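S.K.: From just these sequences and the hints, can you work out the full model?
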Amino acid sequence: MIPLTHYLALAAILFVIGTCGVIIRRNVITMFMCIELMLNAVNLTFITFSRFLNQLDGQIFVLFVMTVAAAEAAVGLALIVILSRRAGSLDVDQANTMKW
Amino acid sequence: MEYIVFYGLATVAVTAALVVVLMNRAIYSALALIVCFGAVAGLFFQLGAQFVAAVQIILYAGAIMVLFLFVIMLLDPQSEKFSPDRLKQVTFLALPFAAFLAFVLVQMIFQWSLGTDGSVVGQTPGSLQMDGNTESLARLLFRDYLLPFEITSILILSAVLGAVVLTRRPE
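Residue numbers (the working numbering), protein chains in the order written: chain A, 202 to 301; chain B, 4 to 174.
Heads up, a few of these hints could be off.
What the hints assert, rightly or not - Now the stretches of chain A that chain B is said to cover, found in silico as 3 or more residues with beta-carbon under 8 Å:
#1 217-230
#2 260-270
As the list claims (entries may be wrong) - With the C-beta cut set under 8 Å, the calculated list includes, among others, these residues of chain B facing chain A:
#3 Ser32
#4 Leu34
#5 Leu46
#6 Leu50
#7 Ala52
#8 Gly65
#9 Ala66
#10 Phe71
#11 Pro99
Worth flagging that the hints you see were computed from the coordinates, not collected in a lab.
As the structure is a prediction and not an experimental result, all values here were calculated from the model.
For each residue, glycine too, the CB sits at the ideal point set by N, CA and C.
M.R.: Dropping the structure here:
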């Protein structure tokens with residue numbers, strides 16, 4: 202059986218890649234996909250602990266995270282559609298009306 | 004054999020994640036993200052969470068990514084021009100941050116696995132009842148977690164309403 206640390210390290214790597222993507226990329230859709238990537242890494246951690254603690258609660262939480270991710274995707278993509286309609290671009294740096 | 008499967012899936016997942024971040028066109032990122040979700044679903048399967056693996060494929064790789072592809076096709080974003088100065092400037096900040104975050108996470112992982120209370124997290128997994136996984140999951144979801152489950156329906160309803168109201172064209 203593969204030790205716990207391997208799974209956790211993989212999840213950490215995926216999470217860090219997602220975080221880097223949010224920082225580096227300026228395209229709203231790509232940033233959003235990086236957030237999904239981070240959520241997925243957290244799901245992997247949940248499942249791993251659920252397996253190693255021999256409890257199913259982690260899997261339930263993964264189901265909830267997935268539901269919230271789906272709702273988030275629906276609302277977020279709606280917001281992206283509006284943003285591109287208003288600003289005419291998907292670049293987050295151009296959506297700076299609320300910046301001081 | 005287990006290790007081959009794990010490292011194969013892990014390599015695919017990390018490579019796909021890197022492709023998501025580094026590709027210029029959003030459509031390629033979306034396709035790579037589907038591959039990444041598939042690899043992670045394989046890991047779920049290996050961890051004995053068959054139902055969650057199936058849901059991952061259906062919901063994430065299916066529903067959510069189709070939604071993403073719809074929006075990408077709808078908006079037809081010009082491939083984001085990576086202006087080199089911005090890239091250099093931001094990467095300069097992002098890389099130390101990423102290194103720091105990775106350091107903290109690894110630190111945490113090793114603290115966990117070495118076990119401050121090693122009785123809780125052992126290196127050997129307990130045997131989940133593999134045959135009745137979905138059944139026991141459903142029993143847990145509809146008995147112990149019934150209230151959160153019902154609240155989820157309100158969340159989804161409000162998300163649907165929000166999406167409809169937001170994308171309605173002003174008259």
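S.K.: Identify every previously stated hint that the structure contradicts and give their numbers, smallest first.
M.R.: 4, 8 and 11
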